[in-house]
Amino acid sequence: MRKFFKNLAFGLILLFLYAPILVLIIYSFNDSKIMGPWAGFTLKWYVMLFQDRYILQALYYTLIIAVVATTVSTLVGTVSALGIYRMRSKLKRPYLLLNNIPVLVPDIVMGITLMSLFIFIGMKMGLTTIIIAHITFCIPYVILAVLPRFNRLPENIFEAALDLGATPRQAFWKVLFPEILPGVTSGALIAFTLSIDDFVISFFTAGNGVSNLSITIYSMAKAGINPKINALSTIMFGCIMVLLVLINIRSEKGIKNIQ
Amino acid sequence: MKSFKEYIAYPYGLWMLIFIAVPLLVVIWFSFLSNPDFKAGIYTFTLENYQQFMDPVYLELLYRSFLYAVIATLICFLIAYPLGNLIVSLPGHRQNMMIVLMIIPMWVNFLLRTYAWMVLLSGSGLISQFFRLLGFRDVSLLYTQSAVILGMVYNFFPYMLLPIYTSLKKIDPDLLRAATDLGANHFQMFLKIKIPLSLPGIVSGCMMVFMPAVSTFVISNLLGGGKYMLIGNLIEQQFLTLNNWNFGSAISMVLMTIIFLVLGIARLITGKELDTGGQLL
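Line by line, the protein sequences give chains A and B.
Sequential numbering of the first sequence, starting at 1, is according to the UniProt record's numbering.
Sequential numbering of the second sequence, starting at 1, is according to the UniProt record's numbering.
The following block holds chain A by itself, in its conformation from the complex (with noise of 0.2 angstroms):
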């Protein structure tokens, strides 16, 4: 009796996640405007979407995008990282104080104090603003990522690598960088991740002429429901479980080839 409430608990939790996805998904092939009754089997929502042209380059923007903020990002993290970690001086506080300002602060508030910076130093809004905005706030949660991997470091790792005769290039590739690259992987995941879901700081920060998924998905439901953003969304959660399939098979090999 009691695990058969358990398990009730389990599959209740459960369908209120997952049904809202599934009824998107099962309406996307639903060959009727309204989200009314079954209407007949229809792909015709999909090939809408494919010729809508703001869609697609929504969709090419919101890659570009993620991928510079991501890059960038993990670079100028990383960098970052090991410079605070050799910090001695008082700037540490400081200095990390200002880098939690984005993870602390709501998105709106990010949203607008940028914008607000943009349009004072007369910056036109486009893709320039939304890369710089997207680059700020991604970074802390980089560094957030790498710093705890270069405070868990041997002291004197680096040097112990250059006496046993390792060029200062070497020690860095071969010695520091593995014992660093769980961090740096993790957070450019994380960034790419908040870059690709960011609706609030990009609809602030794009002005007119660029948008990106979520502030096309935003100006769609906003004039109400249209079926292209089910068959939108189908193809979005396709590619999320892939991408989990993918993932699991890989670090499953990864196991096996440890044992």
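Some hints here could point you the wrong way.
What the simulated footprint calls covered on chain B by chain A, stretch by stretch (three residues with Cβ under 8 angstroms from a Cβ of chain A suffice, anywhere in the stretch; the number is not a length) [stated by the list, open to error]: (1) 43-53; (2) 59-69; (3) 107-121; (4) 187-198; (5) 229-240.
Keeping only pairs whose Cα atoms sit at most 20 angstroms apart, straight-line, the calculated EDC-like set for lysine to aspartate or glutamate is [to be verified]: (6) A/LYS228 <-> A/ASP31; (7) B/LYS192 <-> B/ASP172; (8) A/LYS228 <-> A/ASP52; (9) B/LYS5 <-> A/ASP197; (10) A/LYS92 <-> A/GLU155; (11) A/LYS44 <-> A/ASP31; (12) A/LYS92 <-> B/GLU6; (13) B/LYS194 <-> B/ASP172; (14) A/LYS222 <-> A/ASP197; (15) A/LYS174 <-> A/ASP163; (16) B/LYS5 <-> A/GLU159; (17) A/LYS90 <-> B/ASP172.
Hint data in this document are derived by calculation from the structure and do not stem from the laboratory.
As the structure is a prediction and not an experimental result, all values here were calculated from the model.
By construction, the Cβ of each residue, glycine as well, lies at the ideal position given by its N, Cα and C atoms.
Take the given structure of chain A and dock chain B to it, following the hints.
Then chain B, alone, in the frame of chain A:
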């Protein structure tokens, strides 16, 4: 490590000054100005933006944001705490599977998740049809207060579950057994051992739900249809449609103050920095 000098961190320091510190200062400065004309170099300092916020209309809006966020946080907690306990009682590999299952929806774009509820709740949607079958007359749940709160609960629920689960998992089961052996009944064990030991998780879970909920404008716009303005909507409106940046800045400062007050209280309760569970990824 002496080969690396701290100054390699300086470029990002400069970046932070330009894109984090200066923008914040600009907005703080804006909030104390009245109708500045920068081209003519005219700006007067004033407190009127903050005074304007003391209007009952805006105070009600502040109260509503606070109320919705608190209700959403409470509902999330009431679901997540028992659920966390249930998950911890599962065998190891099934625990991980369950947690992954709870996180996957988070990977779907936030706006799509909110939009999905628009579909479900709309007049022709499944839930309304279900109510109609039960004999209720047209119940459109979309664009109601409950829809807004539901949207908050749905979107931020995993933020509550993860820290709670992590802190429950850390509790040594022997402690619970020891408590019962020493004569505590189930209720006492729960109240005096389990709750205090999982308090850090509870507090950070509550923070992680409360903060995005109190500052959202997307959920209230899409699921409330703009009928239930929250503080986030007010900020968005002042900046994007009414172009009253000075008032908008003042409201943002009020919002920031609320957030930092709540953060401060959370820190007082747990006595240390927030632990967010760190496993959203």
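Structure-based check of all given hints:
Check result for the stretch 43-53 of chain B against chain A: violated, 0 residues qualifying (beta carbon to beta carbon below 8 angstroms, three or more required). With 0 residues having a Cβ less than 8 angstroms from any Cβ of chain A, the stretch 59-69 of chain B misses the three-residue criterion, and the hint is violated. Counting residues of the stretch 107-121 of chain B whose beta carbon lies closer than 8 angstroms to any beta carbon of chain A gives 14, which meets the minimum of three for the stated coverage. Requiring three or more residues with a Cβ within less than 8 angstroms of a Cβ of chain A, the coverage given for the stretch 187-198 of chain B is violated, as only 0 such residues are present.
Figure legend: the stretch 229-240 of chain B, annotated as covered by chain A; annotation consistent (5 residues with Cβ-Cβ distances under 8 angstroms, at least 3 required). The straight-line distance between the Cα atoms of A/LYS228 and A/ASP31 is roughly 12 angstroms, inside the 20 angstroms bound, and the hint therefore holds. Proposed proximity of B/LYS192 and B/ASP172 is supported: the alpha carbons are some 14 angstroms apart, at most 20 angstroms. About 9 angstroms separates the Cα atoms of A/LYS228 and A/ASP52, which keeps this hinted pair within 20 angstroms; it holds.
Proximity of B/LYS5 to A/ASP197 is assessed by CA-CA distance (about 35 angstroms); at most 20 angstroms being required, the pair is judged violated. Using a Cα cut-off of 20 angstroms, the hinted pair A/LYS92 and A/GLU155 holds, with the two alpha carbons roughly 19 angstroms apart. Between the alpha carbons of A/LYS44 and A/ASP31 the distance comes to roughly 8 angstroms, so the proposed pair stays at or under 20 angstroms and holds. A threshold of 20 angstroms between alpha carbons decides the hint, and for A/LYS92 with B/GLU6 the separation of about 10 angstroms falls inside it, so the pair holds.
Between B/LYS194 and B/ASP172 the alpha-carbon distance is near 10 angstroms, which keeps this suggested pair within the 20 angstroms criterion. A C-alpha spacing of about 18 angstroms is found between A/LYS222 and A/ASP197, which places the hinted pair at or below 20 angstroms, so the restraint holds. Of the supplied pair hints, the one linking A/LYS174 and A/ASP163 holds, its CA atoms being roughly 14 angstroms apart against a limit of 20 angstroms. As the CA atoms of B/LYS5 and A/GLU159 are separated by approximately 14 angstroms, the hinted pair is consistent with the 20 angstroms bound.
Of the pairs offered as hints, the one joining A/LYS90 and B/ASP172 is violated, with about 40 angstroms between alpha carbons and a cut-off of 20 angstroms exceeded.
Checked against the numbered hints given earlier, the structure breaks hints 1, 2, 4, 9, 17 and satisfies all the rest.
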